[in-house]
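Listed in order, the protein sequences are those of chains A and B. Just so it is clear: in the first sequence, position 75 is 75 by my numbering, and no numbers are missing. Just so it is clear: in the second sequence, position 116 is 116 by my numbering, and no numbers are missing.
Among these hints, one or two may not hold up.
Claimed, not checked - What follows is a list of derived Cβ distance ranges for each label pair:
(1) D34(A) x T8(B): 37 to 45 Å
(2) G47(A) x S25(B): 23 to 31 Å
(3) K5(B) x G122(A): 48 to 56 Å
(4) M181(B) x E148(A): 15 to 23 Å
(5) V174(B) x K14(A): 19 to 27 Å
(6) E176(A) x K219(B): 29 to 37 Å
(7) D216(A) x N160(B): 19 to 27 Å
(8) T8(A) x K5(B): 46 to 54 Å
(9) G196(A) x E148(B): 42 to 50 Å
(10) G212(A) x E206(B): 41 to 49 Å
(11) T8(A) x E206(B): 22 to 30 Å
(12) T145(A) x K219(B): 38 to 46 Å
(13) E150(B) x T120(A): 26 to 34 Å
(14) G212(A) x Q178(B): 25 to 33 Å
To be verified - Listed below are the simulated DMTMM-like cross-link pairs for lysine to aspartate or glutamate, each with C-alpha atoms no more than 25 Å apart in a straight line:
(15) K16(B) x E175(A)
(16) K20(A) x E150(B)
(17) K14(B) x E82(A)
(18) K69(A) x D179(B)
(19) K124(B) x D179(A)
(20) K114(B) x E46(A)
(21) K197(B) x E175(A)
(22) K69(B) x E177(A)
(23) K149(A) x D179(B)
(24) K31(B) x D179(A)
(25) K129(B) x E82(A)
(26) K16(B) x E117(A)
(27) K149(B) x E177(A)
(28) K149(A) x E177(B)
(29) K16(A) x E46(B)
(30) K197(A) x E150(B)
(31) K69(B) x D179(A)
(32) K16(A) x E150(B)
(33) K69(B) x E148(B)
(34) K197(B) x D91(A)
(35) K194(A) x D35(B)
Everything labelled a hint here was simulated from the structure, so no lab data went into it. None of the values given here were measured: they were computed from a predicted structure. The C-beta atom is built at its ideal place from N, Cα and C for all residues, glycine as well.
2 protein chains.
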Amino acid sequence: MDGSKILTTTNRTKLKTLPKRGDYSTGTIYKILDDAFVCHIGFASEGQTFVLPVAYGRGGNKIYFHGGKGSRLFKTIRTGVEICITVTVIDGLVLAKSAFHHSVNYRSVVIFGKTEELQTAGEKINGLKIIMEHLLPGRWDDTRTPSEKELNATMVLSVNLDEASSKIRTGPPVEEEQDTMLNLWSGVIPIKMKPGKPIPAPGLNEGINVPGYIIDYIKRVETF
Amino acid sequence: MDGSKILTTTNRTKLKTLPKRGDYSTGTIYKILDDAFVCHIGFASEGQTFVLPVAYGRGGNKIYFHGGKGSRLFKTIRTGVEICITVTVIDGLVLAKSAFHHSVNYRSVVIFGKTEELQTAGEKINGLKIIMEHLLPGRWDDTRTPSEKELNATMVLSVNLDEASSKIRTGPPVEEEQDTMLNLWSGVIPIKMKPGKPIPAPGLNEGINVPGYIIDYIKRVETF
Chain A
1 MDGSKILTTT NRTKLKTLPK RGDYSTGTIY KILDDAFVCH IGFASEGQTF
51 VLPVAYGRGG NKIYFHGGKG SRLFKTIRTG VEICITVTVI DGLVLAKSAF
101 HHSVNYRSVV IFGKTEELQT AGEKINGLKI IMEHLLPGRW DDTRTPSEKE
151 LNATMVLSVN LDEASSKIRT GPPVEEEQDT MLNLWSGVIP IKMKPGKPIP
201 APGLNEGINV PGYIIDYIKR VETF
Chain B
1 MDGSKILTTT NRTKLKTLPK RGDYSTGTIY KILDDAFVCH IGFASEGQTF
51 VLPVAYGRGG NKIYFHGGKG SRLFKTIRTG VEICITVTVI DGLVLAKSAF
101 HHSVNYRSVV IFGKTEELQT AGEKINGLKI IMEHLLPGRW DDTRTPSEKE
151 LNATMVLSVN LDEASSKIRT GPPVEEEQDT MLNLWSGVIP IKMKPGKPIP
201 APGLNEGINV PGYIIDYIKR VETF
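Looking at chain A on its own, in the form it has when it is part of the complex (with noise of 0.2 Å):
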């Protein structure tokens, strides 16, 4: 991919169990993060671990995500503890012939740093857009943008993708050699989220079509 670069790894990174699935260049990271729109951060409060799903999109080398002012999460990792953040997607159910190979095809990227929170009106309008656009491009000219009120009551942060890792499993099964003979059916299943009919809000005035950004979004999952 233009400009992809590798980043460096660290510690924390550096994959210990298979390595050969591991890939620390920008753009793999980025595609897999551009594929996802919940990520899973996990930091620790009083000594005890938490993982909890947050909305994110991706801007150039960072991630964003936002969340209430009251929120425990939030009110947790503003304070520049260190968090890790997960972003997952399943690819495929792997069926091998042994118990022991099945596998799950997926990609996997890991990012760890710390948050920095967005302070003007202005970055903060910029995060949300970011995130809003990152989950559904195009809809967000079509909203009603946030009032004062509304961005006060808001944090939004970032999160630098400088030390991140990404792990890949693709393709089919692995067999051992006594078991490439036997009657079972082996291969993958492959999975994908797909988006599904529009349900407009109750209420909605009827002449409200569904816009043009929605009907290309769940085009662009093209089908099995």
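Given the structure of chain A, go ahead and fit chain B onto it with the hints provided.
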């Protein structure tokens, strides 16, 4: 649900943000766990939080997962450290007329506890069967069972579901009163993980058809 009970909340499981979205009944928690097969496990190692994706299966009031004995993750979480296991099912994009009220429909479970390591060959076989049957019902009896060597290389762990909570966002977008008249589309785009057409492994004997339980699995995910 028959036999469902309400779990006692603890300081770790009690929802602080939007507590009305919380559900502590085992019926709801089991259903969410049964609708996914990859969890994110958070743990601390040398003061650093890690979050890694792991396939799991639920059997009764426990979840099970397995890994190689050399894996950093499994070597750490077998030692009785407190871990946090999170499972998230994404059900849809929630598109309000205001940017502020955009959301995601989801169901998540957060579990706290320590692992127990399954010790005997019989216990391990039982745990592995639970994991495989969770991924794809009917598959276990259609595979070559693990050899003693394969079992010895595998660690199987379980965690009790005694300290857990679920959180659910469902339904249409919330709107501010003054936004209801805006000429913008609002509603929900449902999202679902869907299996595609099975891909036979290269070299698979052509006489081996896709088994009925795989066809059933694909059909069970109803179309939108």
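Quick rundown of the hints versus the structure:
no.	hint	verdict
1	D34(A) x T8(B): 37 to 45 Å	41 Å, holds
2	G47(A) x S25(B): 23 to 31 Å	29 Å, holds
3	K5(B) x G122(A): 48 to 56 Å	51 Å, holds
4	M181(B) x E148(A): 15 to 23 Å	21 Å, holds
5	V174(B) x K14(A): 19 to 27 Å	44 Å, violated
6	E176(A) x K219(B): 29 to 37 Å	31 Å, holds
7	D216(A) x N160(B): 19 to 27 Å	46 Å, violated
8	T8(A) x K5(B): 46 to 54 Å	50 Å, holds
9	G196(A) x E148(B): 42 to 50 Å	47 Å, holds
10	G212(A) x E206(B): 41 to 49 Å	45 Å, holds
11	T8(A) x E206(B): 22 to 30 Å	48 Å, violated
12	T145(A) x K219(B): 38 to 46 Å	44 Å, holds
13	E150(B) x T120(A): 26 to 34 Å	58 Å, violated
14	G212(A) x Q178(B): 25 to 33 Å	27 Å, holds
15	K16(B) x E175(A)	48 Å, violated
16	K20(A) x E150(B)	21 Å, holds
17	K14(B) x E82(A)	24 Å, holds
18	K69(A) x D179(B)	23 Å, holds
19	K124(B) x D179(A)	21 Å, holds
20	K114(B) x E46(A)	17 Å, holds
21	K197(B) x E175(A)	21 Å, holds
22	K69(B) x E177(A)	23 Å, holds
23	K149(A) x D179(B)	15 Å, holds
24	K31(B) x D179(A)	35 Å, violated
25	K129(B) x E82(A)	37 Å, violated
26	K16(B) x E117(A)	22 Å, holds
27	K149(B) x E177(A)	15 Å, holds
28	K149(A) x E177(B)	15 Å, holds
29	K16(A) x E46(B)	16 Å, holds
30	K197(A) x E150(B)	45 Å, violated
31	K69(B) x D179(A)	23 Å, holds
32	K16(A) x E150(B)	20 Å, holds
33	K69(B) x E148(B)	14 Å, holds
34	K197(B) x D91(A)	13 Å, holds
35	K194(A) x D35(B)	15 Å, holds
Figure legend: structure checked against the earlier numbered hints; hints not met, in rising order: 5, 7, 11, 13, 15, 24, 25 and 30.
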